[in-house]
Amino acid sequence: MRRPLLATLLVAGMLATIVAAADDPKAVVQRTSDQVIAVLKDGSLSSDTKRTKVEQVVLSSVDFPALSRLVLARNWSKFSPAQQQEFVQEFQRHLSATYGKRLDEYRNENLQIVGDRQESNGDWTVKSIIVRGGGNDVTVDYRLRQSDGQWKIIDFIIERVSLVANFRSQFQDIVANGGPERLLTLLREKTAKGEPLSAS
Amino acid sequence: MTRTRRAFVTLAMLLSLGVTPLAMAQQEDDPWEGFNRHIFSFNDGVDVYVLEPVAKGWNWAAPKPVQTGVSNFFENLRFPIRFVNDILQGKLIDSAQTLARFTVNTMIGGAGFLDPASEIGLKQSNEDFGQTLGVWGVPSGPYLVLPLLGASNIRDTGGLVFDSAASITPFFIDGFITLGARVIDVVNTRAQFLGAVAEAKAASLDYYVFVRNAYTQRRNALVKDEDTKDADTPNDDTLYEYIEP
Numbered sequence: 001m002r003r004p005l006l007a008t009l010l011v012a013g014m015l016a017t018i019v020a021a022a023d024d025p026k027a028v029v030q031r032t033s034d035q036v037i038a039v040l041k042d043g044s045l046s047s048d049t050k051r052t053k054v055e056q057v058v059l060s061s062v063d064f065p066a067l068s069r070l071v072l073a074r075n076w077s078k079f080s081p082a083q084q085q086e087f088v089q090e091f092q093r094h095l096s097a098t099y100g101k102r103l104d105e106y107r108n109e110n111l112q113i114v115g116d117r118q119e120s121n122g123d124w125t126v127k128s129i130i131v132r133g134g135g136n137d138v139t140v141d142y143r144l145r146q147s148d149g150q151w152k153i154i155d156f157i158i159e160r161v162s163l164v165a166n167f168r169s170q171f172q173d174i175v176a177n178g179g180p181e182r183l184l185t186l187l188r189e190k191t192a193k194g195e196p197l198s199a200s
Numbered sequence: 201m202t203r204t205r206r207a208f209v210t211l212a213m214l215l216s217l218g219v220t221p222l223a224m225a226q227q228e229d230d231p232w233e234g235f236n237r238h239i240f241s242f243n244d245g246v247d248v249y250v251l252e253p254v255a256k257g258w259n260w261a262a263p264k265p266v267q268t269g270v271s272n273f274f275e276n277l278r279f280p281i282r283f284v285n286d287i288l289q290g291k292l293i294d295s296a297q298t299l300a301r302f303t304v305n306t307m308i309g310g311a312g313f314l315d316p317a318s319e320i321g322l323k324q325s326n327e328d329f330g331q332t333l334g335v336w337g338v339p340s341g342p343y344l345v346l347p348l349l350g351a352s353n354i355r356d357t358g359g360l361v362f363d364s365a366a367s368i369t370p371f372f373i374d375g376f377i378t379l380g381a382r383v384i385d386v387v388n389t390r391a392q393f394l395g396a397v398a399e400a401k402a403a404s405l406d407y408y409v410f411v412r413n414a415y416t417q418r419r420n421a422l423v424k425d426e427d428t429k430d431a432d433t434p435n436d437d438t439l440y441e442y443i444e445p
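Chains as they are written, first to last, in my numbering: chain A, 1 to 200; chain B, 201 to 445.
Think of the hints as simulated: they come from the structure by calculation, not from any bench. Careful: at least some of the hints might be erroneous.
Unchecked claim - Computed far set for chain B versus chain A, every beta-carbon distance over 10 Å:
(1) G257
(2) S271
(3) R412
Stated by the list, open to error - Reference listing, derived: stretches of chain B covered by chain A, where coverage requires no fewer than 3 residues with Cβ under 8 Å from a Cβ of chain A:
(4) 241-247
(5) 389-400
(6) 414-425
Every residue gets a Cβ at the ideal spot worked out from N, C-alpha and C, and that includes glycine.
Take these sequences, add in the hints, and give me the full structure.
Structure (C-alpha cells):
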C-alpha cells in the first residue's frame, strides 16, 4: 500500500501545480487576498513575521520586474543592465518597507471582487472593493499580465490612481535631472530612513 | 459617441504633430510648477503643524462611530451639490436616488448622522461642478494648487466656486456656526486620512508630484465615468507598453 499512496501523492502534487498554473486572473487575486488576510488574522504571529509572510505572498503574485520596467518607461533603456537589476530590487524594497509598516492597521477589512474584463492588449483587469464600512470603502483594480503561463499583477489602481503611472511621473523628473544614479540613491536613502524594523 | 470621435480626432492631430499620447499620459500640465510648489509647501506646513495634530487629537477623542456619524452628517449636507450636478449631467436616475438618499437619511437617519440609505442600496453619487464642466467638454486646464484647499486645476476651481454657492449651509445658518461646522468637517475628514497621508508621504520620492499625478488621474477617471460605466482604469493602454527608444 505504500507505493500507490506515494504515487497518488505525486499525481495530486502535479495536478495541484497544473491547477495553480492555470489560475485565471480573478483566481490569482482571490488567492493572494485570501492568503494575505489569513496571515493578517493570525494572532499568533509577530508583526515582523506577518510582514515577511505577506511580502512572500504578494511577491509571488506580482511580476515586479515588469512593473518596474513599466514605471521607468522610456528611461528603462538609460539604465545599464546592472542598474536595471538594482532598480527592481531597490524599488521593491522601498514599497515593501512603506506598505509593510501599515499591516498592523489591519481591522478585519475584506476584499470583494466585483468584476473583471480583458484589456485591448491582452492584459486583464480585476476590480475589487476593500470593504471597510461607513462609506469608507476603497476601490482597488489589479492589472494582470500573463508570463510563462502565469497571470501576475503588473499594476495596482487604488481609487482610480494607477501606482505605475504615479511613480512614472515622479521618477521622470528625477532621472531627467540626475540620471539613473540619482534615482537609485534617492531610493536607497528613502528605504534606509523609513525602515522601521530590523533590516533583513 | 461624439466624444469618442472627438478623442480620435485629437489623437490623429497629436500623432501628426509627432506628440505621442504617451507623453501626455506621463506629464501633467503644470506650467506654474514653481508657484504651485510654494503654495503646496505652505499648505503642507499648515497640515503638519496645525491640521494633522488637531485631527490626531480628534481621532483619539472621538470613537469611530462618532467620526463616521460626523462624516455622514456633512456628506448629507452636500445633497444640493450632488443633486444639481446629477441633473446638469443629465443623470436623472442618479438625481432621483440622490434625492431619495437625502430624504431617507434626514428623516430616519437622525438628521443624517446615520446612513440607512446605503443599507437599502441607495448609492451615493459623487458629482461636483468641476466634473459637470468636464462632462460638457471643458478641458481641465493647467494644474493649480489653491491655498488651504489644495490640489485643483482651472476647471475644478471654477467648479468649486459654483458648488460653494449651491451648498446648503450658507442659506440658513449664521456665519460663525458655518465656520465652526466647516472646521469640524475638515478636522473629521482629515482624521479619516491620517494613515493614508502618512503612507503617501513615505511612499513618494516627490510628494508634490505624487499628489499632482494622483489628483489628475482621479479627476480624469471621475469625469470619464459618464461615458463608460466600467472605465475604471484611468489610463490608456500606452501606459502598459514597454518602450524601446
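Okay, the hints, checked on the actual structure:
The Cβ of G257/B lies farther than 10 Å from every Cβ of chain A, with a closest approach of about 19 Å, so its non-interface assignment holds. Interface exclusion of S271/B from chain A breaks down, the closest Cβ pair being 6 Å apart, not more than 10 Å. For R412/B, the non-interface assignment is contradicted: its Cβ lies about 8 Å from the closest Cβ of chain A, within the 10 Å cut-off. With a cut-off of 8 Å between beta carbons, the stretch 241-247 of chain B has 0 residues touching chain A; three or more are needed, and the interface restraint is violated.
Against chain A, the stretch 389-400 of chain B contributes 3 residues with a C-beta closer than 8 Å to a partner C-beta. That satisfies the three-residue criterion, and the hint holds. Against chain A, the stretch 414-425 of chain B contributes 5 residues with a C-beta closer than 8 Å to a partner C-beta. That satisfies the three-residue criterion, and the hint holds.
In this structure, the hints that do not hold are numbers 2, 3 and 4, in rising order.
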